[in-house]
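The chain contents come next:
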Amino acid sequence: MNLKHWTLMGLGALAIIGCSKPPPPAPKAEPEPPKMERPEPPRAAEPPKVDEEALRRQRIQARIAEVFKPIYFAYDQSTLSAEGQSTLQEIGKLMKEVPEITARVEGHSDERGSNDYNLALGERRAKSVNDYLASYGIQATRLSTISYGEEKPAVEGHDEASWSKNRRVEFTTTF
Amino acid sequence: MNSSTQGNSNMHNTQAFRVLRAAAAFLFLAGPSVSPIRGADVVITSENKGAETIALGFVDFKCAKGDANSLPFTPGAVISWDLDFSGRFKVKSAAQFDSASKGAFKAEGALAYVRGEYTLDGDNFTLNCELIDIDSQERILGKKYSGKKADLRQSAHKFSDELTYQLFGEKGIAQSRIAYVNKRGGNKEISVMDYDGANVTEITKNKSINLMPCWVDGKNKVLYTSYAGGQPQFYLKDFESGKNGVYFMSKGMNTSPSWNKMDKEIAYASTLDGNTELYRRAFPDGKPQRLTFFGSIETSPSWSPNGYEIVFISDRGGKPMVYVMDRDGSNMRAITHDGDYYGSPSWSPKGDRIAFTAMDEGNNMNIMTLSPDGKDPAKLTTQAGSNENPSWSPDGRHIVFMSTRTGSPEIFMMNADGSNQKRISFSGGNYMPKWSDY
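Order-wise, the sequence lines are chains A and B. If you read the first sequence in numbering that gives the first Met the number 0, its first letter stands for residue 0, the second for the next number, and so on. If you read the second sequence in numbering that gives the first Met the number 0, its first letter stands for residue 0, the second for the next number, and so on.
Chain A with its partners taken away, still in its complex shape (with noise of 0.2 Å):
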């Protein structure tokens, strides 16, 4: 497992619909046939309404792979950083515009110590994030959390450039 990891962790959603195809296009050359046929009001009409809702698609997937960044945490601690706050009031901000997002709340630990503090340890980071989010104002029923402890390392490594980045939150959404 390599840096990579943690993007397609990320934008799991996208990952499965969005990167196949290339980047989100600019959306200025797509919305103009539709009004050059405006004349013609109901059959026409039809298959640009897809595309419109197609593109707001690939546009909000753009910004969830964007906003959902991973939530970094010093050596034992759950503490969210002013970073890590300042990502989160960015997630809780899109999470409120798009109510069908929905998020899962994955908290890792770095290798030291043992496997089953790291994972209540995880547990606990993923709590703190998942807390950030309701009392930023979403609902429970928009997210979920769990626990991996050491056991997904982000990056394979044993010095502390690995374990900075080992000890997370990641998450997982779904639109």
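Hints are not guaranteed to be accurate.
Mimicking BS3-like on lysine-lysine, the simulated pairs with C-alpha atoms at most 25 Å apart in a straight line are [as the list claims (entries may be wrong)]:
{"hint": "1", "chain 1": "A", "residue 1": "Lys151", "chain 2": "B", "residue 2": "Lys318"}
{"hint": "2", "chain 1": "A", "residue 1": "Lys151", "chain 2": "B", "residue 2": "Lys182"}
{"hint": "3", "chain 1": "B", "residue 1": "Lys250", "chain 2": "A", "residue 2": "Lys151"}
{"hint": "4", "chain 1": "B", "residue 1": "Lys64", "chain 2": "B", "residue 2": "Lys170"}
{"hint": "5", "chain 1": "B", "residue 1": "Lys218", "chain 2": "B", "residue 2": "Lys170"}
{"hint": "6", "chain 1": "A", "residue 1": "Lys164", "chain 2": "B", "residue 2": "Lys318"}
{"hint": "7", "chain 1": "A", "residue 1": "Lys164", "chain 2": "B", "residue 2": "Lys182"}
{"hint": "8", "chain 1": "A", "residue 1": "Lys151", "chain 2": "B", "residue 2": "Lys206"}
{"hint": "9", "chain 1": "B", "residue 1": "Lys143", "chain 2": "A", "residue 2": "Lys151"}
Quick caveat, the hints were computed from the structure, so don't treat them as lab data.
Put chain B on the given structure of chain A with help from the hints.
Chain B alone, transformed into the frame defined by chain A:
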């Protein structure tokens, strides 16, 4: 088990047996604190701290019929490994019994020697094992086993346990097994092997994360935490029925099971009520009873052998420390007070020691033991790498653990005082070992 024992011809009244038995009984009763005594007929050596031994000669087992090379082992080597590993015997080996080996055996102080032969015939085997008086050539103990070839190794272990029982009056551990986690194809699966590393059997193949195996109901079942259904929940492998599936589901995650064989119940960590707390539950069916209410992390429970107390890890004081409480959650007290980080406590089946891990300055874990009142600490591992997840042999004489000292996590064993550290897995990515009952 298909193998059978026949022709049991114990000759308990021989002089050599009485002497050996007396020597063993003396060791058993006297324990390590009494200094070794040498008499005319009784030989006690003290190779490792607290592990006095009886010297035995050992003559290679002969294959009397069939192709010895069709087996990946010889029964004699299996028995010899068992006796040596037990720490109870000092084994002096020879290819045959003649005047030279007789002299060598006696020079080690041996009064008797083990010999045997086996036959292989298609799928079947016979195994004949004997303990012989060196001087009189009388047979002190004789055992015959027969059955399917797949059980030959197990029969060899049976003889090792028979020797231990006859000479020490205590059960041997040669038929015990180890459950552990094995990284397979990027997943974490449960496997089981004999205590000497042979007979590896894959218990899960669900391509998920499976952790924390725990023997339940003797050697009949293994309980473990699996992510196969998404959330970490308990699964149960039943070796008798062959069934393997969800044991019970509850809200949150269920991890870190520990078996109380006195009362047939488990203690475990769960987020049933939100935070990671400790619970106990009758096996197989019962209501979870919550034991901790501190809001801190409470995990890694391990029962005392009498079922009265539980040792566990709590970070209620800010750092993960070792605590002991009564089985109902009352009378909690910390038994470690300094240090930064402790984990994975495991209560010895003898009741006198608790093994656990302590983090050193290099961020590695090392295995220590402590008496249950928090006194008399002993550090058992000092090797490079991390040494984690200690689990006791059913007789309390050995500890199995994971070590990264060779690079990848592997399963190791040692005596309860840290001596004779031995690697028993070699495939890479093996950890979280749990030793079965006898």
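Evaluation of the provided hints:
1. A distance of roughly 23 Å separates the Cα atoms of A:Lys151 and B:Lys318; the hinted pair therefore holds under the 25 Å criterion.
2. For the hint linking A:Lys151 to B:Lys182, the alpha-carbon distance of about 12 Å falls within 25 Å, and the restraint holds.
3. With a C-alpha separation of about 22 Å, the suggested pair B:Lys250 and A:Lys151 falls inside the 25 Å cut-off, and the hint holds.
4. Taking the CA atoms of B:Lys64 and B:Lys170, the gap is near 32 Å; set against the 25 Å cutoff, the hint is violated.
5. The straight-line distance between the Cα atoms of B:Lys218 and B:Lys170 is roughly 15 Å, inside the 25 Å bound, and the hint therefore holds.
6. At roughly 22 Å between alpha-carbon atoms, A:Lys164 and B:Lys318 fall within 25 Å of each other, so this suggested pair holds.
7. A distance of roughly 22 Å separates the Cα atoms of A:Lys164 and B:Lys182; the hinted pair therefore holds under the 25 Å criterion.
8. With a C-alpha separation of about 13 Å, the suggested pairing of A:Lys151 with B:Lys206 holds against the 25 Å cut-off.
9. For the hint linking B:Lys143 to A:Lys151, the alpha-carbon distance of about 50 Å lies beyond 25 Å, and the restraint is violated.
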